[in-house]
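Novice: Below are the chains, spelled out letter by letter.
Number of protein chains: 2
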Amino acid sequence: MRAYLDCIPCLQRQAIQALRFVTDDETMQERILRIVVAKLQDIDWTGTPPEMAHTVHRIVIEECGVKDPYRDVKKRYNDIALNLYPDIKRTVEESSEPLLAAVRMAIAGNIIDFGANPDFDLNKTISAVIGEEFAIFDYSQLETVLENANTMVYLADNTGEIVFDRILLETILDRHPHIGKVVFAVKGAPVINDATIDDARYAGIDKLSGVEFLQVGTGLPNSGIERTSKKFHEILDSADLVISKGQGNYEALGDHSGIFFLLMAKCPVIASDLNVKIGDIVLKGTYT
Amino acid sequence: MRAYLDCIPCLQRQAIQALRFVTDDETMQERILRIVVAKLQDIDWTGTPPEMAHTVHRIVIEECGVKDPYRDVKKRYNDIALNLYPDIKRTVEESSEPLLAAVRMAIAGNIIDFGANPDFDLNKTISAVIGEEFAIFDYSQLETVLENANTMVYLADNTGEIVFDRILLETILDRHPHIGKVVFAVKGAPVINDATIDDARYAGIDKLSGVEFLQVGTGLPNSGIERTSKKFHEILDSADLVISKGQGNYEALGDHSGIFFLLMAKCPVIASDLNVKIGDIVLKGTYT
Numbered sequence: 281m282r283a284y285l286d287c288i289p290c291l292q293r294q295a296i297q298a299l300r301f302v303t304d305d306e307t308m309q310e311r312i313l314r315i316v317v318a319k320l321q322d323i324d325w326t327g328t329p330p331e332m333a334h335t336v337h338r339i340v341i342e343e344c345g346v347k348d349p350y351r352d353v354k355k356r357y358n359d360i361a362l363n364l365y366p367d368i369k370r371t372v373e374e375s376s377e378p379l380l381a382a383v384r385m386a387i388a389g390n391i392i393d394f395g396a397n398p399d400f401d402l403n404k405t406i407s408a409v410i411g412e413e414f415a416i417f418d419y420s421q422l423e424t425v426l427e428n429a430n431t432m433v434y435l436a437d438n439t440g441e442i443v444f445d446r447i448l449l450e451t452i453l454d455r456h457p458h459i460g461k462v463v464f465a466v467k468g469a470p471v472i473n474d475a476t477i478d479d480a481r482y483a484g485i486d487k488l489s490g491v492e493f494l495q496v497g498t499g500l501p502n503s504g505i506e507r508t509s510k511k512f513h514e515i516l517d518s519a520d521l522v523i524s525k526g527q528g529n530y531e532a533l534g535d536h537s538g539i540f541f542l543l544m545a546k547c548p549v550i551a552s553d554l555n556v557k558i559g560d561i562v563l564k565g566t567y568t
Numbered sequence: 281m282r283a284y285l286d287c288i289p290c291l292q293r294q295a296i297q298a299l300r301f302v303t304d305d306e307t308m309q310e311r312i313l314r315i316v317v318a319k320l321q322d323i324d325w326t327g328t329p330p331e332m333a334h335t336v337h338r339i340v341i342e343e344c345g346v347k348d349p350y351r352d353v354k355k356r357y358n359d360i361a362l363n364l365y366p367d368i369k370r371t372v373e374e375s376s377e378p379l380l381a382a383v384r385m386a387i388a389g390n391i392i393d394f395g396a397n398p399d400f401d402l403n404k405t406i407s408a409v410i411g412e413e414f415a416i417f418d419y420s421q422l423e424t425v426l427e428n429a430n431t432m433v434y435l436a437d438n439t440g441e442i443v444f445d446r447i448l449l450e451t452i453l454d455r456h457p458h459i460g461k462v463v464f465a466v467k468g469a470p471v472i473n474d475a476t477i478d479d480a481r482y483a484g485i486d487k488l489s490g491v492e493f494l495q496v497g498t499g500l501p502n503s504g505i506e507r508t509s510k511k512f513h514e515i516l517d518s519a520d521l522v523i524s525k526g527q528g529n530y531e532a533l534g535d536h537s538g539i540f541f542l543l544m545a546k547c548p549v550i551a552s553d554l555n556v557k558i559g560d561i562v563l564k565g566t567y568t
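As given, the protein sequences belong to chains A and B, one line each in that order.
Per our numbering, the first sequence runs over residues 281 to 568.
Per our numbering, the second sequence runs over residues 281 to 568.
No incorrect hints appear here.
Note: identical chains are not told apart, hence a pair may lie in one copy or across any two.
Below 25 Å or equal to it, Euclidean Cα-Cα: the simulated DMTMM-like pairs (lysine to aspartate or glutamate) are:
id	residue 1	residue 2
1	K557	D418
2	K404	D560
3	K347	D305
4	K461	E377
5	K557	D399
6	K319	E343
7	K355	D399
8	K557	D305
In short, the hints are calculated from the structure, not lab data.
Being a predicted model, the structure only gives us computed values, none of them experimental.
Chain A on its own, in the form it takes in the complex (with noise of 0.2 Å):
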């Protein structure tokens, strides 16, 4: 999915709250995020947004010095997550339908996004997430190609979303036990509040039978294999199932075919992109 005007502002609004994460320096804030805006100013805007999200945070780290300015936040929301793990997974063990409840866990654990919308209500989500009519409900397709996978990828998002993601694998795993391989995406270097090998580790990803991990590049160098690659896209090809978390793998693969997106639509452009609305929950699939 390309970038639409709207992303030129929200890209600035997410640098002014990766700037506050690292420093109360008024000037210093200012001084990088003038440097974001004519970078903004000078590069072509027919990328897609997490390309031009990869290039202003990566101005915000260089700038500022800091490795990751959203690891407190991050760690937070992996805490949170954890602790709420017991409850999730019992409300998913106890549902008359078990997958489903935990698709909609998982969706609902997507709205732990300082990218797209940082004001959002964790609780209050997973409560509404439950009972919510899906905008678009590609879920019979992913029945059908669960029956038949022996491989699969998930494409991961959020920190504290992860442990949702974990909770899917598990439900997943434990009634298709055929499935003897699962690729799990992170990212390998920080970005916004984008899981890393590290939090899917601490999420207890890396407990789950079969899984292997795959760093996803961020723009910087050596940090992973680029979403837009030919191997990347291989891989995709090759598995028997794609799951794939968030708007910024949606915004990234929304048009590469066999992968099922799991999102809740955070914004105006995915949203109108959809044809949804803000808050609808979404599992497209896209086989054909």
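Position chain B against the provided structure of chain A, taking the given hints into account.
Specialist: This is chain B only, laid out in the frame that chain A set:
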């Protein structure tokens, strides 16, 4: 009040909205947004938010060759408010405290704002504000000043909203006939959805006894007296009572003593400056 960093992306969001009111041509939208971004990159950020907003909206107007991007939406909200007039008027008159009810309604009307927060729900706001607690409530000070006032300045804010202002003015003038002169200040040229003299007449403000209009500058040549000018401050200081509506007037004149600011906090910058929450209603007197 000075601008905050948050104002920089917000002004670009406003420019995008104004551009979309004028044209569907995305190439033109991007070209003009890039001019806005370049201008913001170029200027000092120590001005007030309205000064910077005038700069941004002037670019949109000049580049589009359209005098008023908000013309249709302003007309629509004037009509919506005029249709609500009889009900609101009755609510105020039947209230046990008509002045306070009229103050509340004038603040509710302040939700009609295509600058700070374009995603508003007017009817929901009216219902909520009638029973809402004020975050700042200098009402007894307002009553005292009203008792002794012979002259008054009323700084209007948005179209549509001025119908609610008319009800507040009527309520005041009915109960305080000693107020023989009201200077009703509107914008001297279109900017965002701010009310101009045509809107004030359309809302029927010119029919009220003792009312004369004052046109306030928008940064355009000959658009009226600037809010920063000595002469404008003399007009405020010579009036026994000054009522100011909305965020823009507070941003421009919040440091001035002898004004009652009636507004709803619609953005984090104003909320932080006033030490209230977004959505809070405020009646703040700066009389010393």
